[in-house]
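Let the sequences and hints guide you as you build the complete structure.
If you count by full-length UniProt numbering, then the sequence shown holds residues 1 to 154, one letter each, in order.
Hints in this document: simulated from the structure, not taken from any laboratory. Here the structure is a predicted model, which means the values were calculated and not measured. There is no bait here: all hints are sound.
With a cut-off of at most 25 Å between alpha-carbon atoms, the simulated DSS-like pairs for lysine-lysine come out as follows:
| id | residue 1 | residue 2 |
| --- | --- | --- |
| 1 | K98 | K54 |
| 2 | K40 | K89 |
| 3 | K89 | K65 |
| 4 | K98 | K121 |
| 5 | K54 | K89 |
| 6 | K34 | K141 |
| 7 | K54 | K40 |
| 8 | K98 | K34 |
| 9 | K86 | K65 |
| 10 | K98 | K65 |
| 11 | K54 | K141 |
| 12 | K86 | K40 |
| 13 | K54 | K121 |
| 14 | K54 | K34 |
| 15 | K45 | K89 |
| 16 | K46 | K86 |
| 17 | K86 | K54 |
| 18 | K86 | K44 |
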Amino acid sequence: MKAGPEGGLAELVVDEAEGRKVMQVFYVYMSGEKTGRVIKYDMKKKEATVIMDKLHLPNGLALSKDGSFVLTCESGTNTIHRIWVKGPKAGTNEVFAKIPGPMDDIRRTPTGDFWVALHSKDSLFTRVFLSHSFVGKFFIKTLNLMVGNLIELL
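What follows is the structure, encoded as structure tokens:
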């Protein structure tokens, strides 16, 4: 999504990269699927390229003050990844930090520090769902059946 400096209605820039559509967030989180990607968009070429994949729910991006790397939060694993975009490490990535719960976005401060919003601390619920993807998938299928039956009743 893209929004101007004055805000307003956001414009959809890309909803797929390399032929793959963006999936529903709740399903991805509960299922444990590592289908998340970080996508670089070249505005001149109007081309989207995956720069990191196999992520369990990436959430938020922040560019370093010098523009040499991007941080992304992987909410499903409570990990912040550093993706190098310039310099001798360009094209590589590494773990930047481990966080005690799922994150909801990341921002860089004017001084170059990073602030991360913590959705909640890890709980028994999240540990069970995230360590056993079949539990999450079963929950999602059950929920879909219940919603489908409810809609039929209406």
